[in-house]
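Novice: Since the structure of chain A is already known, use the hints to place chain B on it.
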Amino acid sequence: MVFSNQRNDKAYLFAGNPPVALMKQVYVGMSGGVDSSVTAALLQQQGYQVTGVYMKNWTQDLPGMKCPWADDLADAKRVAVQLSIPFKVFDFEKEYKQLVVDYMIEQYQAGRTPNPDVMCNQEVKFGLFLRAALADGADLVATGHYARIEGRRLASTNEHFRNLEAASGTARGRPTLAHDFEAVRPKMKTSLLMGKDLNKDQSYFLYRVTEAALEKTLMPLGELTKMEVRQKAQELQLVTAKKKDSQGICFVGKVGIKEFLQQYVTAAPGDIVDKKTGRVVGRHDGAIFYTFGQRHGLNVGGGLPYYVVGKDMARNVVIVTTDLNDENLWLDTVVLNQLHWINEAPSEDRQYHVRLRYRAPLIICQLKFVEDKLRLKLEDPERAITPGQSAVLYDGERVMGGGIVI
Amino acid sequence: MMQKPIYLDYAAATPLDERVLAAMQPFWHEQFYNPSSSYLAARTVRVAIEDARSYVAHWLGARPSEVIFTAGATESITIAVQGVMRRFPGTTVLTASTEHDSVLASVMLYRHKVVTVLLNGTVNLEALKTLVDDQTTLISLAYANNEIGTIQPLRDVAKLVEAIKLERQQNGNTLPLYVHTDASQAAGYLDLHAARLGVDLLTLNGGKLYGPKQTGILYVKGGTQLESILQGGGQENNLRSGTENVPGIIGFATALDLAQSTRKESVAKVAVLRDELQRRLLQAFPQASLNGNLKKRLPNNLHISWPGLDGERLVMLLDERGVQAATGSACAANKQTASHVLQAIGLKPELLHGSLRLSLGAFTTSEDVQRAAKIIIKSVQDCQKAA
Numbered sequence: 001m002v003f004s005n006q007r008n009d010k011a012y013l014f015a016g017n018p019p020v021a022l023m024k025q026v027y028v029g030m031s032g033g034v035d036s037s038v039t040a041a042l043l044q045q046q047g048y049q050v051t052g053v054y055m056k057n058w059t060q061d062l063p064g065m066k067c068p069w070a071d072d073l074a075d076a077k078r079v080a081v082q083l084s085i086p087f088k089v090f091d092f093e094k095e096y097k098q099l100v101v102d103y104m105i106e107q108y109q110a111g112r113t114p115n116p117d118v119m120c121n122q123e124v125k126f127g128l129f130l131r132a133a134l135a136d137g138a139d140l141v142a143t144g145h146y147a148r149i150e151g152r153r154l155a156s157t158n159e160h161f162r163n164l165e166a167a168s169g170t171a172r173g174r175p176t177l178a179h180d181f182e183a184v185r186p187k188m189k190t191s192l193l194m195g196k197d198l199n200k201d202q203s204y205f206l207y208r209v210t211e212a213a214l215e216k217t218l219m220p221l222g223e224l225t226k227m228e229v230r231q232k233a234q235e236l237q238l239v240t241a242k243k244k245d246s247q248g249i250c251f252v253g254k255v256g257i258k259e260f261l262q263q264y265v266t267a268a269p270g271d272i273v274d275k276k277t278g279r280v281v282g283r284h285d286g287a288i289f290y291t292f293g294q295r296h297g298l299n300v301g302g303g304l305p306y307y308v309v310g311k312d313m314a315r316n317v318v319i320v321t322t323d324l325n326d327e328n329l330w331l332d333t334v335v336l337n338q339l340h341w342i343n344e345a346p347s348e349d350r351q352y353h354v355r356l357r358y359r360a361p362l363i364i365c366q367l368k369f370v371e372d373k374l375r376l377k378l379e380d381p382e383r384a385i386t387p388g389q390s391a392v393l394y395d396g397e398r399v400m401g402g403g404i405v406i
Numbered sequence: 001m002m003q004k005p006i007y008l009d010y011a012a013a014t015p016l017d018e019r020v021l022a023a024m025q026p027f028w029h030e031q032f033y034n035p036s037s038s039y040l041a042a043r044t045v046r047v048a049i050e051d052a053r054s055y056v057a058h059w060l061g062a063r064p065s066e067v068i069f070t071a072g073a074t075e076s077i078t079i080a081v082q083g084v085m086r087r088f089p090g091t092t093v094l095t096a097s098t099e100h101d102s103v104l105a106s107v108m109l110y111r112h113k114v115v116t117v118l119l120n121g122t123v124n125l126e127a128l129k130t131l132v133d134d135q136t137t138l139i140s141l142a143y144a145n146n147e148i149g150t151i152q153p154l155r156d157v158a159k160l161v162e163a164i165k166l167e168r169q170q171n172g173n174t175l176p177l178y179v180h181t182d183a184s185q186a187a188g189y190l191d192l193h194a195a196r197l198g199v200d201l202l203t204l205n206g207g208k209l210y211g212p213k214q215t216g217i218l219y220v221k222g223g224t225q226l227e228s229i230l231q232g233g234g235q236e237n238n239l240r241s242g243t244e245n246v247p248g249i250i251g252f253a254t255a256l257d258l259a260q261s262t263r264k265e266s267v268a269k270v271a272v273l274r275d276e277l278q279r280r281l282l283q284a285f286p287q288a289s290l291n292g293n294l295k296k297r298l299p300n301n302l303h304i305s306w307p308g309l310d311g312e313r314l315v316m317l318l319d320e321r322g323v324q325a326a327t328g329s330a331c332a333a334n335k336q337t338a339s340h341v342l343q344a345i346g347l348k349p350e351l352l353h354g355s356l357r358l359s360l361g362a363f364t365t366s367e368d369v370q371r372a373a374k375i376i377i378k379s380v381q382d383c384q385k386a387a
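Listed in order, the protein sequences are those of chains A and B.
Using this note's numbering, you'd call the opening residue of the first sequence number 1 and step up by one each time.
Using this note's numbering, you'd call the opening residue of the second sequence number 1 and step up by one each time.
Chain A extracted, bound-state conformation (with noise of 0.2 Å):
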């Protein structure tokens, strides 16, 4: 009875066994949808102490649709009022400019195909939003992503083990979080896994969080399929139950990554040429625009179809092909840096699964280590690997981690 007071008005929204009150704060990074919704909604379920909190993260105000970020902090916030928890906004406004939207636009400037997510993960929710829930006095944070977290060790104390003790006591043979008592366990690693819905699984985006966040993480829809979770949002009468899924990236919002860059860089135009015969076949407008495989948009008219293998920054010149079986449009080797590791490094000695673009077939790959470089060798080619792209191994459905293509 001691957790009694614990249980909201909402308790029997939650059919099935009451919650056992564990007494801990988990912050939910809420953004608006239905996903991160019924995060909050499950973990209440399962007994914690919820808060939600928006990150207010940078965006620019497009023609016709000023902050268009609000409709979407206003639904985080309706959840959170119809769950009755607390509720939050930190503003990373500034810090979410400079780590992520400017490393996009320095990358494409480069002439790389950056990925803004994994930017975003590694170094915003997993990284100031985790210290900043954590020095506001959460035990963990969670998130809405498709992926599971395996051996969590807590950062328990006895006073913890005491409250599970005494849980156990008032909801004996009732289930209760299995993770909880890896508590009394000792340290063992805590790994990234794939979500169980291997259509909508996010592992990819996840590979450069570190075990250490991990530990203080929950992402309970690991375990479900986006439809339970629709199910889930429908019982629940959650407001945002039939909202669309976000598409692409957050920022860029609806104008399209182009017009978006357009608005930060000076694109001059230049020349297309063919790679066999060295001609200029037609006139591009920012080489920062095309991506390695592109066929559409070429201006090039007439004839086969033309696909983007090479560029070359330094001289705008857009490099294109006819030829579908060309060297750099099927690559069976490719070369990582900046490598991230969740628990221990890959070892050459065995093969791993590489994925190589968000949902994208596994491909088995042998590793060889070259100084703080990674080569990988391909069972099968792979049609336009792109530069500045993330290349994410795993060791059946654990994320061993990754680095970012050459």
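Keep in mind the hints are simulated off the structure, nothing from the lab.
It cannot be assumed that every hint is accurate.
Said to hold, decoys possible - Computed cross-link-like contacts, SDA-like style, restricted to lysine to any residue with a CA-CA straight-line distance of at most 20 Å:
1. A:Lys196 <-> A:His353
2. A:Lys88 <-> B:Pro26
3. A:Lys88 <-> B:Lys385
4. A:Lys243 <-> B:Asp319
5. B:Lys374 <-> A:Asp285
6. B:Lys385 <-> A:Gln49
7. B:Lys4 <-> A:Lys88
8. B:Lys385 <-> A:Lys56
9. A:Lys56 <-> B:Gly222
10. A:Lys258 <-> A:Asp285
11. A:Lys94 <-> B:Gln384
12. B:Lys374 <-> B:Asp319
13. A:Lys88 <-> B:Leu352
14. A:Lys88 <-> B:Thr337
15. A:Lys88 <-> B:Gln384
16. A:Lys88 <-> B:Gly222
17. B:Lys385 <-> A:Ser84
18. A:Lys88 <-> B:Lys165
19. B:Lys165 <-> B:Gly222
Specialist: Leaving out everything else, chain B in the frame of chain A:
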């Protein structure tokens, strides 16, 4: 089965009156003609518009030619403020710190001065007197404030303006000094007679009057000099070019006619309900702060603040429990900044974000008030606990 939500946000939007809808009905299909066309059928549409104009003029004590139909209040205000300021370039416009954004945004484009208000939201007449100089050509003041409902002493302003104009005459200053008022919130409850109010320009909005949205008027007193800011076919005395929104015009005039002809009954009815709601809330929260001028306040407005409360959270909770209300003005709420009106009346910081604007209307019942009071009291308590 969920009960129908109680709507207490009439200051934001009003439902269309059935009679207004009926009056508009013929003008979508049968009488769709362009009122400027010359065949007989189109002439009847022209006649309908001019009839509507006469109805509107009647309630303003104006001549029909002084009524310009517009697409809503923002357009009407823009035509008035920008029209005067373009006609007299380099002169100064004066407005109050509690004005709606639709006024402030236009005023900011020109040389302007902003007059402060007293703690109850009433314009500071002493300050106004000192701010008017030889270069001032326009004073724009809302008849009643959209957030806190404070009614401005327009007649006192008019008296002041008369004295200044007399002085200017003696000094040989030929610049005019016009008074514009946005009467959008007042139109359902207060006298709109322009001469009695002493205004030269007056804005009304159908969307707050049980009429259609994007309809309204600008009253332009004969002789008032405005430059047209919208060029085209020269409709509406050349001040609002564009083919007339016939159903909208008919709807607006019908709505205004209904509202003004039953104005005194509406005031009596809604004030009783508002006072009852106020009584219940103050009884539960004696420490809550009532905002606005309690003696000169719109009869349907109740604006109340609780220290340290998250007003936005309260509004969301109320929404979930079946009461639709506002934290201030809808626009300010979306921008995540404290309302400039509440800042202007010097509301203490701990009260700034903890406000609730309840605005009652024609369909509010005594049962609504009783039920809403209970829900609001419980919700404020819950929000206070959450904080």
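Novice: Within a Cα-Cα threshold of 20 Å, do Lys196 (chain A) and His353 (chain A) meet the stated pairing?
Specialist: The given pair, whose Cα atoms are some 17 Å apart, holds under the 20 Å limit.
Novice: Does the alpha-carbon distance linking Lys385 (chain B) and Lys56 (chain A) stay inside the 20 Å limit?
Specialist: With a Cα-Cα distance of about 26 Å, the restraint between Lys385 (chain B) and Lys56 (chain A) is violated, given a limit of 20 Å.
Novice: Under the criterion that the straight-line Cα-Cα distance not exceed 20 Å, is the pair Lys374 (chain B), Asp285 (chain A) satisfied?
Specialist: 64 Å, violated
Novice: Lys94 (chain A) and Gln384 (chain B): Cα distance at most 20 Å?
Specialist: Not satisfied, since the Cα-Cα distance of roughly 32 Å exceeds 20 Å.
Novice: Need the status of pair Lys88 (chain A), Thr337 (chain B): alpha-carbon distance at most 20 Å?
Specialist: 15 Å, holds
Novice: With a cut-off of 20 Å on the C-alpha distance, tell me whether Lys88 (chain A) and Gln384 (chain B) pass.
Specialist: With Cα atoms ~15 Å apart, Lys88 (chain A) and Gln384 (chain B) stay inside 20 Å; holds.
Novice: For a C-alpha distance cap of 20 Å, please report whether Lys88 (chain A) and Lys165 (chain B) respect it.
Specialist: 54 Å, violated
Novice: Straight-line Cα separation of Lys258 (chain A) and Asp285 (chain A) no greater than 20 Å?
Specialist: The hint holds at about 10 Å.
Novice: With a cut-off of 20 Å on the C-alpha distance, tell me whether Lys165 (chain B) and Gly222 (chain B) pass.
Specialist: 17 Å, holds
Novice: Next pair to validate is Lys88 (chain A) with Gly222 (chain B); report whether the Cα-Cα distance is within 20 Å.
Specialist: Violated - the C-alpha atoms of Gly222 (chain B) and Lys88 (chain A) are around 55 Å apart, more than 20 Å.
Novice: Starting from Lys385 (chain B), check that the Cα of Ser84 (chain A) is at most 20 Å away, please.
Specialist: Judged against 20 Å, a Cα distance of about 10 Å means the pair holds.
Novice: Please verify whether Lys88 (chain A) and Lys385 (chain B) have alpha carbons no more than 20 Å apart.
Specialist: 15 Å, holds
In summary, the structure is inconsistent with hints 2, 5, 7, 8, 9, 11, 16, 18 from the numbered list given earlier, while agreeing with the others.
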